[in-house]
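Order-wise, the sequence lines are chains D and P.
Be aware that the first sequence starts at 10, since it is given in this note's numbering, and climbs by one per residue.
Be aware that the second sequence starts at 10, since it is given in this note's numbering, and climbs by one per residue.
No lab work stands behind these hints, which were simulated from the structure alone.
Worth double-checking, as some hints may not be accurate.
Which copy is meant is left open, because identical chains are indistinguishable; a pair holds if it fits in one copy or across any two.
What the hints assert, rightly or not - Calculated lysine-lysine pairs in the DSS-like style (CA-CA distance at most 30 Å, straight line):
(1) LYS188 with LYS60
(2) LYS281 with LYS400
(3) LYS242 with LYS337
(4) LYS257 with LYS188
(5) LYS404 with LYS83
(6) LYS83 with LYS400
(7) LYS115 with LYS337
(8) LYS83 with LYS337
(9) LYS207 with LYS83
(10) LYS98 with LYS337
(11) LYS424 with LYS285
(12) LYS257 with LYS42
(13) LYS98 with LYS424
(14) LYS337 with LYS257
(15) LYS400 with LYS98
(16) LYS281 with LYS188
(17) LYS115 with LYS424
(18) LYS285 with LYS257
(19) LYS404 with LYS98
Protein chains: 2
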Amino acid sequence: MTSASIVTIGDEILIGQVLDTNSLNLARALEEKGIHVSRMLSIGDNREDIKATLEAETARNAVVITTGGLGPTKDDITKSVLMELSGSKSCVEHPGQLEMVHRILKNRGLDVLPANLQQAMVPDTAEVIVNQLGTAPIMVFRNLPGGGTLYALPGLPHEAVGAIHDVLEDICSHQHLGKILHRSIMVYGIAESALSAKIAAWEDALPADIHLAYLPNPLTGIRLRLSCYSGEKADASERMEFQIATLKQLLGNLVYADADSDLETEVGRLLKESGKTLSAAESCTGGEIAHLITSVAGSSAYFLGSVTSYAVAVKEKVLGVPSSVIEKHGVVSSEVAAAMADGVRNLTGSDYAVATTGLAGPSGDGVNPVGTVWIGVAGPHGTSTVSRCYKNDRKRNIERFAASALDFLRIVLEKEL
Amino acid sequence: MTSASIVTIGDEILIGQVLDTNSLNLARALEEKGIHVSRMLSIGDNREDIKATLEAETARNAVVITTGGLGPTKDDITKSVLMELSGSKSCVEHPGQLEMVHRILKNRGLDVLPANLQQAMVPDTAEVIVNQLGTAPIMVFRNLPGGGTLYALPGLPHEAVGAIHDVLEDICSHQHLGKILHRSIMVYGIAESALSAKIAAWEDALPADIHLAYLPNPLTGIRLRLSCYSGEKADASERMEFQIATLKQLLGNLVYADADSDLETEVGRLLKESGKTLSAAESCTGGEIAHLITSVAGSSAYFLGSVTSYAVAVKEKVLGVPSSVIEKHGVVSSEVAAAMADGVRNLTGSDYAVATTGLAGPSGDGVNPVGTVWIGVAGPHGTSTVSRCYKNDRKRNIERFAASALDFLRIVLEKEL
């Protein structure tokens, strides 16, 4: 199996100023191609340390990817260390990257300074992948003294992520990797341990060349990814589809998407395809549901708006929840969730509405445990509610309440649309 | 300067399944104590690799902190590698951790299995810091063959973060570190480069033992941190306060807090202290402002609620924005932002209200550039508006619009309360 190492270069990570997300994104992309990431390192802007680390890593791995240290300022020394390491005697101007330097600075309304032009100068031992998003070129050093190939990427996350596709393509065309097929489905509403138990028999019976991975996330549920390591075989795709179909049948409506996705995108797709509109009434989720829905580009086609009714008076006056219902059942109740959903649906004239009322914490109401939420969904075929109970962790509860509400809405929409 | 290395152990990071936040949190805490983090590594659950890495790191650093690999399952082998490395012949039961194992499992309603009891067994070469949040003890191995001291922490982020305070205390009591004083202020509404230019003369004149760091974040602005490396001197604190006072005078109302904080906390503090209430009307921010405000525990004391008015009809019907104003000035305008703020203030009866209308992208309105936002703040002394313009990046624009709105509200509240 081809082995890779990821090295991030820069003091800002070592002092805890910046969270390293590049390594995660690179690791995920490498792993999907069947390349084994043996280690990740973060080192500072220190010449000896960079040189010793890259020598060691290129001796132990077929592929080494670095990010960072390619800027035009004095503290960025990765390029000069790489010249030394690869035995380069001089730099040559790369016309494609030079054009990009001019274009990027012009777009930003900035003058082109000598330091900027220097960015297009590349060691004569390197091949270049033009960086479409920044001034520093992506450099490829093949067959370094240690044996490995090194890819030097810029450190800014959007530039590093933007380079992944081209770097992976280059790796694949040089490393003779096996063909791997991946297929994902998205699952919500079941704990990882319970899911694992539910599909244990199916998982045990998987063919030896098909492997299952759990990729959990509090806002999107669990992504179940099947990988087939005999992707070159003629029947590989068909065998994968058979396993996915079996899995979907086992899990029923716990499955909300047939590919990598999230709940707000799926809810949006269901509404858009049917031409229906949505509104929301939020108490404990405090705007998070509206925020998730409107984070999807194009959501203005189906989302009319929402009311965050933190105060009881807003529930009564704006949403029209009868004070008698609140008095009789309490704010955190099935009845209030239903009345909030009905209220915001009437107020906005939307086809569907989703509502939440609950206790995110840290303080409770003396009746319901902290972590309780009631969710209401109102639509042309009536109003239904459901409750969930999590722990006492305010920020995570807000996320879980919002995701649970989107999932309950998704189940109603799937049934009714 | 004492040097440290941070090593995360576990396959889940190398395959890109989990983002490593432990290293950032540890690095930040170490750096604040004046300990230099020389490198961070992530390695897999592989015996040879763990052993070789820890041998090398404890030879090069006075302090090595590991996270992960301490669970009760077969793939967690950190403890057994550490026995080998420290020359431990046997494990002894640690009564304090044993009690914690029983307490934690009881709280979760789980039976205590042999694998759980095994968690309280500790190599006889280790000292223990009881883990208050999980079953695996925090283990301290002093004077390993390489010379350094190793702290083995659990991998779950809340357990690792929960251990930092005790670990730092232990390091400080053994490493004879100099005393460092830190003081932070929070700044919003100015780019890092402009801020740097604005305070250049002051920064250049800083005494040699006082150092400035910029810690930027899109949602909270820039944290400016001053560190004094002669903290043991009698006048250190006074000299720091003088510099902070000078800096605050230079920056005026760009400064929103006198310590590490965020805008939603500061807005909440201003409202709470004066007994005033708040509501919000959001268009382009789609619920993010309400979400930020309600993410602060205790926000129900001052936040009444909000309306997300994505559709024009909701702006008119629920918020009472006159259709003539929308026709004359367009949805993205000072007049509509003001009318939205007035509208939600009337609707909820709050003392203050904040409103946004703008273009988060990717599509525009043909008039204003994508990235434009108008912010309105209404209160007992009148209504004012301001506009900002960012780039075409939907998710970042929603964050920046919301933070800008909270900052404008903060400035109005500081003036009026």
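Now the hints, each set against the structure:
1. Proximity of LYS188 to LYS60 under the C-alpha cut-off of 30 Å is found in neither arrangement, the shortest distances being 34 Å within a copy and 33 Å between copies.
2. Taking the shortest alpha-carbon separations for LYS281 and LYS400, only the inter-copy value of 27 Å comes in at or below 30 Å, while the best intra-copy value is 34 Å.
3. Taking identical chains as interchangeable, the C-alpha atoms of LYS242 and LYS337 are never at most 30 Å apart, the minima being 65 Å within one chain and 64 Å between chains.
4. Proximity of LYS257 to LYS188 under the C-alpha cut-off of 30 Å is restricted to the intra-copy arrangement: shortest distance 25 Å within a copy versus 60 Å between copies.
5. Taking the closest pair of Cα atoms, LYS404 and LYS83 never come within 30 Å of each other, the shortest separation being 41 Å inside a single copy and 33 Å across copies.
6. In this homomeric assembly, LYS83 and LYS400 come within 30 Å of each other (Cα to Cα) only across copies, at 29 Å, whereas the closest approach inside a single copy is 50 Å.
7. Proximity of LYS115 to LYS337 under the C-alpha cut-off of 30 Å is found in neither arrangement, the shortest distances being 66 Å within a copy and 36 Å between copies.
8. For a Cα distance limit of 30 Å, the shortest separation of LYS83 from LYS337 qualifies neither inside one copy, at 69 Å, nor across copies, at 53 Å.
9. For a Cα distance limit of 30 Å, the shortest separation of LYS207 from LYS83 across copies, 22 Å, qualifies, whereas the shortest one inside one copy, 57 Å, does not.
10. Neither within a single protomer nor between protomers do LYS98 and LYS337 lie at most 30 Å apart by alpha-carbon distance, with minima of 83 Å and 66 Å respectively.
11. In this assembly of identical chains, the alpha carbons of LYS424 and LYS285 lie at most 30 Å apart only when taken from the same copy (14 Å versus 45 Å across copies).
12. Only within a single protomer do LYS257 and LYS42 lie at most 30 Å apart by alpha-carbon distance; the minimum there is 25 Å, versus 52 Å between protomers.
13. Taking CA atoms no more than 30 Å apart as the test, LYS98 paired with LYS424 passes in neither setting, with 68 Å inside one copy and 62 Å between copies.
14. For the homomeric pair LYS337 and LYS257, neither the shortest alpha-carbon distance inside one copy (42 Å) nor that between copies (53 Å) is at most 30 Å.
15. For the homomeric pair LYS400 and LYS98, neither the shortest alpha-carbon distance inside one copy (62 Å) nor that between copies (41 Å) is at most 30 Å.
16. For a Cα distance limit of 30 Å, the shortest separation of LYS281 from LYS188 qualifies neither inside one copy, at 36 Å, nor across copies, at 60 Å.
17. In this homomeric assembly, LYS115 and LYS424 never come within 30 Å of each other (Cα to Cα): the closest approach is 53 Å inside a single copy and 40 Å across copies.
18. Only within a single protomer do LYS285 and LYS257 lie at most 30 Å apart by alpha-carbon distance; the minimum there is 27 Å, versus 52 Å between protomers.
19. Taking the shortest alpha-carbon separations for LYS404 and LYS98, neither the intra-copy value of 55 Å nor the inter-copy value of 44 Å comes in at or below 30 Å.
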